[in-house]
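A.B. asks: Sequence:
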Amino acid sequence: MTKIRLDLVLIENQLPFFVLESLYNRALISGSGNIPSFLVLTFDYFAYCNSCNLDSDNIIIRHFIDLLRMFHLQQPIERWSPSRKESLVHLNSASELVETGVKFKVNIKTKCLLDLKFSWVVLEIPQFRVEDGTKLLIHNLVALEQCHYPYESYITNYVTILDFHINSNKDVDALIENDVLLNCLGDTDSVTNFYNGLWKNITHLNFSSNYIHLSLDLNVFCAYFVCTLSVLCA
0 MTKIRLDLVL IENQLPFFVL ESLYNRALIS GSGNIPSFLV LTFDYFAYCN
50 SCNLDSDNII IRHFIDLLRM FHLQQPIERW SPSRKESLVH LNSASELVET
100 GVKFKVNIKT KCLLDLKFSW VVLEIPQFRV EDGTKLLIHN LVALEQCHYP
150 YESYITNYVT ILDFHINSNK DVDALIENDV LLNCLGDTDS VTNFYNGLWK
200 NITHLNFSSN YIHLSLDLNV FCAYFVCTLS VLCA
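Just so we're aligned: the sequence shown equals residues 0 to 233 in numbering that gives the first Met the number 0.
Treat the hints with care, as some may be off.
[As the list claims (entries may be wrong)] 20 Å max Cα-Cα, derived EDC-like pairs, lysine to aspartate or glutamate:
no.: 1; residue 1: K199; residue 2: E176
no.: 2; residue 1: K134; residue 2: D186
no.: 3; residue 1: K110; residue 2: D178
no.: 4; residue 1: K104; residue 2: D216
no.: 5; residue 1: K110; residue 2: D54
no.: 6; residue 1: K104; residue 2: E11
no.: 7; residue 1: K169; residue 2: D186
no.: 8; residue 1: K102; residue 2: D216
no.: 9; residue 1: K134; residue 2: D6
no.: 10; residue 1: K108; residue 2: D43
no.: 11; residue 1: K134; residue 2: D162
no.: 12; residue 1: K108; residue 2: E95
no.: 13; residue 1: K102; residue 2: D178
no.: 14; residue 1: K116; residue 2: D162
no.: 15; residue 1: K2; residue 2: D178
no.: 16; residue 1: K102; residue 2: D162
no.: 17; residue 1: K2; residue 2: D43
no.: 18; residue 1: K199; residue 2: E11
no.: 19; residue 1: K169; residue 2: D114
no.: 20; residue 1: K104; residue 2: E123
no.: 21; residue 1: K199; residue 2: E144
no.: 22; residue 1: K116; residue 2: D65
no.: 23; residue 1: K102; residue 2: D43
no.: 24; residue 1: K134; residue 2: E144
no.: 25; residue 1: K169; residue 2: E95
no.: 26; residue 1: K134; residue 2: D65
no.: 27; residue 1: K2; residue 2: D131
no.: 28; residue 1: K116; residue 2: E95
no.: 29; residue 1: K199; residue 2: E151
no.: 30; residue 1: K104; residue 2: D178
no.: 31; residue 1: K110; residue 2: E123
no.: 32; residue 1: K110; residue 2: D6
no.: 33; residue 1: K169; residue 2: E151
no.: 34; residue 1: K102; residue 2: E176
no.: 35; residue 1: K110; residue 2: E130
no.: 36; residue 1: K116; residue 2: D216
no.: 37; residue 1: K134; residue 2: D188
no.: 38; residue 1: K169; residue 2: E98
Quick caveat, the hints were computed from the structure, so don't treat them as lab data.
Start from the sequences and build out the full structure, keeping to the hints where you can.
C.D. replies: Structure (structure tokens):
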């Protein structure tokens, strides 16, 4: 991200989109031709985040960071259901999962970063890139959900899953080796420290039932592996 883009995603810098849109419309000269709307210009400016090519038609947004959240959600916002009675208590780290026989695979069937799937042995995760602007973007997306979407905190749920998976450099290396994580920061320590600080001061009012079921399946698989190993070693 450029420095200007970084400033525009800070939640403390957000202005109501309708205010910016109104100022833009007032600045236009009457009869000036086919000038794109402010929403279309905004879509173009943040196109680097619109991996699923979300169309600007019939879209209503609060502000810039709200649009970036929409870019990351898309289909999941329609199909996920909250699980108010359950919360995620434990999930093994990436290296621990590998040791129990779980195989990481890049989910190439979707462009949605949040679309995680587990089928007995294989955990499919869309490839994610960690670069200079990643920490700032994720922190502000989480802050937005804490303020405006406490019962639809899909990004926050995803961050929680990553926080469980990444506890050490060994976990980061396991994800890099399986092409799930692209490290553009250089050293592994920076990635580990980044993810270890993601879940601080986050409040969960509910948790996605999709992720609850995925986590339960992973925990059952790991328990089965440990039980089987104990029997074989007895």
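A.B. asks: State for each hint whether it applies.
C.D. replies: Results for each hint:
no. : hint        : result
1   : K199 / E176 : violated (27 Å)
2   : K134 / D186 : holds (15 Å)
3   : K110 / D178 : holds (15 Å)
4   : K104 / D216 : holds (16 Å)
5   : K110 / D54  : holds (15 Å)
6   : K104 / E11  : violated (37 Å)
7   : K169 / D186 : holds (13 Å)
8   : K102 / D216 : holds (14 Å)
9   : K134 / D6   : holds (13 Å)
10  : K108 / D43  : violated (25 Å)
11  : K134 / D162 : holds (13 Å)
12  : K108 / E95  : violated (26 Å)
13  : K102 / D178 : holds (12 Å)
14  : K116 / D162 : holds (17 Å)
15  : K2 / D178   : violated (28 Å)
16  : K102 / D162 : holds (19 Å)
17  : K2 / D43    : holds (17 Å)
18  : K199 / E11  : holds (19 Å)
19  : K169 / D114 : violated (24 Å)
20  : K104 / E123 : holds (5 Å)
21  : K199 / E144 : holds (14 Å)
22  : K116 / D65  : violated (26 Å)
23  : K102 / D43  : violated (37 Å)
24  : K134 / E144 : holds (16 Å)
25  : K169 / E95  : holds (9 Å)
26  : K134 / D65  : holds (17 Å)
27  : K2 / D131   : holds (11 Å)
28  : K116 / E95  : holds (18 Å)
29  : K199 / E151 : holds (19 Å)
30  : K104 / D178 : holds (8 Å)
31  : K110 / E123 : holds (13 Å)
32  : K110 / D6   : violated (26 Å)
33  : K169 / E151 : violated (32 Å)
34  : K102 / E176 : holds (11 Å)
35  : K110 / E130 : holds (18 Å)
36  : K116 / D216 : holds (10 Å)
37  : K134 / D188 : holds (14 Å)
38  : K169 / E98  : holds (12 Å)
Hint check: violations occur at hints 1, 6, 10, 12, 15, 19, 22, 23, 32 and 33; the rest are consistent with the structure.
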